[in-house]
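Residue 1 is where the sequence shown starts when you use the numbering used here, and the numbers rise one by one after that.
Since the hints were made in silico from the structure, they are not lab data. One or more hints might be untrue.
[As the list claims (entries may be wrong)] Simulated pairs of lysine-lysine, DSSO-like, Cα-Cα distance not exceeding 30 Å:
#  : residue 1 : residue 2
1  : K181      : K220
2  : K94       : K117
3  : K64       : K49
4  : K39       : K52
5  : K245      : K184
6  : K49       : K39
7  : K39       : K128
8  : K220      : K245
9  : K252      : K39
10 : K223      : K281
11 : K269      : K64
12 : K252      : K64
13 : K223      : K117
14 : K245      : K64
15 : K184      : K220
16 : K128      : K245
17 : K39       : K55
18 : K252      : K184
19 : K117      : K245
[Stated by the list, open to error] Here are the in silico distance ranges between beta carbons for each label pair:
#  : residue 1 : residue 2 : range
20 : L91       : D285      : 49 to 59 Å
21 : I258      : E51       : 19 to 29 Å
22 : K269      : G62       : 17 to 27 Å
23 : H217      : L182      : 27 to 37 Å
Ideal placement from N, C-alpha and C gives every residue a C-beta, glycine not left out.
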Amino acid sequence: MRLFVLPISTRRTLIYCERVNKKLPPGEKPPIVDRVTSKANETWAEWEKAEKGWKKMLTEYGNKVFTRIPFAEWGLKTIPPISAERQAAALAGKGTPEVVFPGAFLPSNRVTSVLHKLATERQSLHRKRMWWSIVGMPISVPFALVPIVPNIPFFYLAFRAWSHYRALYGSQYLEFLLDKKLIKPTPSISLDELYTAGLTYTTRAESREAPMPTEEHTAKVSKTFATTHGEESEEFMLLRRWNGKLLAEHFKLPEMEIEIERAVEQVEKALEADRALQQEKRALDQATAQPPQQKQD
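I would like the entire structure built from these sequences, with the hints used as guidance.
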């Protein structure tokens, strides 16, 4: 198990967990949760191939819904859910996660606090929405009477209940590891190089053609970044959408690509909305400002 702490911007961070799949003994089936998840993914992929009809419409709408789910929730869902077995194994020194981060762009003394915030700030939200989704599932059962089309409201609520459950119990396991001081962050030179490349070049193709940044260049970019974009300055993007593929390829984790791209897209939209709001506020302040009083003779 390896945890990636990936700053998307100077104020928002994605957590991604790489899990090592256990080799099952001959004849033993995977856990029921894994089997159901695998079957759901296969079914969704088949429906996406449909050229028209309700399957095509459903997957197009569903994929739009997926992009609106906060990237923090997707990240927490990659962490295995807390269980007595996992807690005992972690305390025994088995399955303790390796935690890597770009040390040139995220100070080592901040990693633990960032992880603690990610582990705790959304727990009450996921717990509340998980139960609301569960309560809503029986109410949606009558929609099954509609012929041909599946009971979409029921399956949506079931998916959201499962999603909130995984995020909640994943965050609780992360909190447990932090409380027991079982996490030891390690800066990654590879992540430093990939982040530096993303801040140096403008396209993925340009980054591929260029050599990997040297240690001196990384240090220079990191120093310039720290001077220009300190904690008190405006929020600044650290990753680009095209970075996701490069990081995923380097660590041989294809699933990581979509998580990074989704996170970058959401943060970019949030920053654009913040800037638009600030511009609107400044325009309103200027419009309502009282004109200066003229001096009387």
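Hint check results:
1. Annotation: proposed proximity of K181 to K220 is violated, straight-line Cα distance about 33 Å (limit 30 Å).
2. At most 30 Å may separate the alpha-carbon atoms for a hinted pair to count; K94 and K117 meet this at roughly 25 Å.
3. About 16 Å separates the Cα atoms of K64 and K49, which keeps this hinted pair within 30 Å; it holds.
4. Pair hint K39 plus K52 holds up; C-alpha atoms about 22 Å apart against a cutoff of 30 Å.
5. Taking the CA atoms of K245 and K184, the gap is about 27 Å. The hint holds against a cut of 30 Å.
6. Between K49 and K39 the CA atoms are separated by roughly 16 Å; this keeps the pair inside 30 Å, and the hint holds.
7. This hinted pair checks out: K39 and K128 have alpha carbons roughly 27 Å apart, not beyond 30 Å.
8. Of the pairs offered as hints, the one joining K220 and K245 holds, with about 25 Å between alpha carbons and a cut-off of 30 Å not exceeded.
9. Between K252 and K39 the alpha-carbon distance is near 24 Å, which keeps this suggested pair within the 30 Å criterion.
10. With a C-alpha separation of about 33 Å, the suggested pair K223 and K281 falls outside the 30 Å cut-off, and the hint is violated.
11. Only pairs whose Cα atoms come within 30 Å are accepted, and K269 paired with K64 is accepted, the gap being roughly 15 Å.
12. Proximity of K252 to K64 is assessed by CA-CA distance (about 27 Å); at most 30 Å being required, the pair is judged to hold.
13. The hinted pair formed by K223 and K117 meets the criterion: a straight-line CA distance of about 26 Å does not exceed 30 Å.
14. Restraint check for K245 and K64: the C-alpha separation of about 21 Å stays at or below 30 Å, so the hint holds.
15. In summary, the hint linking K184 to K220 is supported, as the alpha carbons are separated by about 27 Å, within the 30 Å threshold.
16. The hinted pair formed by K128 and K245 fails the criterion: a straight-line CA distance of about 34 Å is larger than 30 Å.
17. The suggested pairing of K39 with K55 holds, with an alpha-carbon distance near 16 Å, which does not exceed 30 Å.
18. Using a Cα cut-off of 30 Å, the hinted pair K252 and K184 holds, with the two alpha carbons roughly 23 Å apart.
19. For a cut-off of 30 Å, the pair hint linking K117 to K245 stands: about 27 Å separates their Cα positions.
20. Distance hint check for L91 and D285: the Cβ-Cβ separation is about 56 Å, which falls inside the suggested range of 49 to 59 Å.
21. Between I258 and E51 the beta carbon distance is about 23 Å. The supplied range of 19 to 29 Å therefore holds.
22. At about 19 Å, the beta-carbon gap between K269 and G62 stays in the expected band of 17 to 27 Å.
23. Our hint of 27 to 37 Å for H217 and L182 holds, since their Cβ atoms are close to 35 Å apart.
Going down the numbered hints, you'll see the structure goes against 1, 10 and 16, while the others check out.
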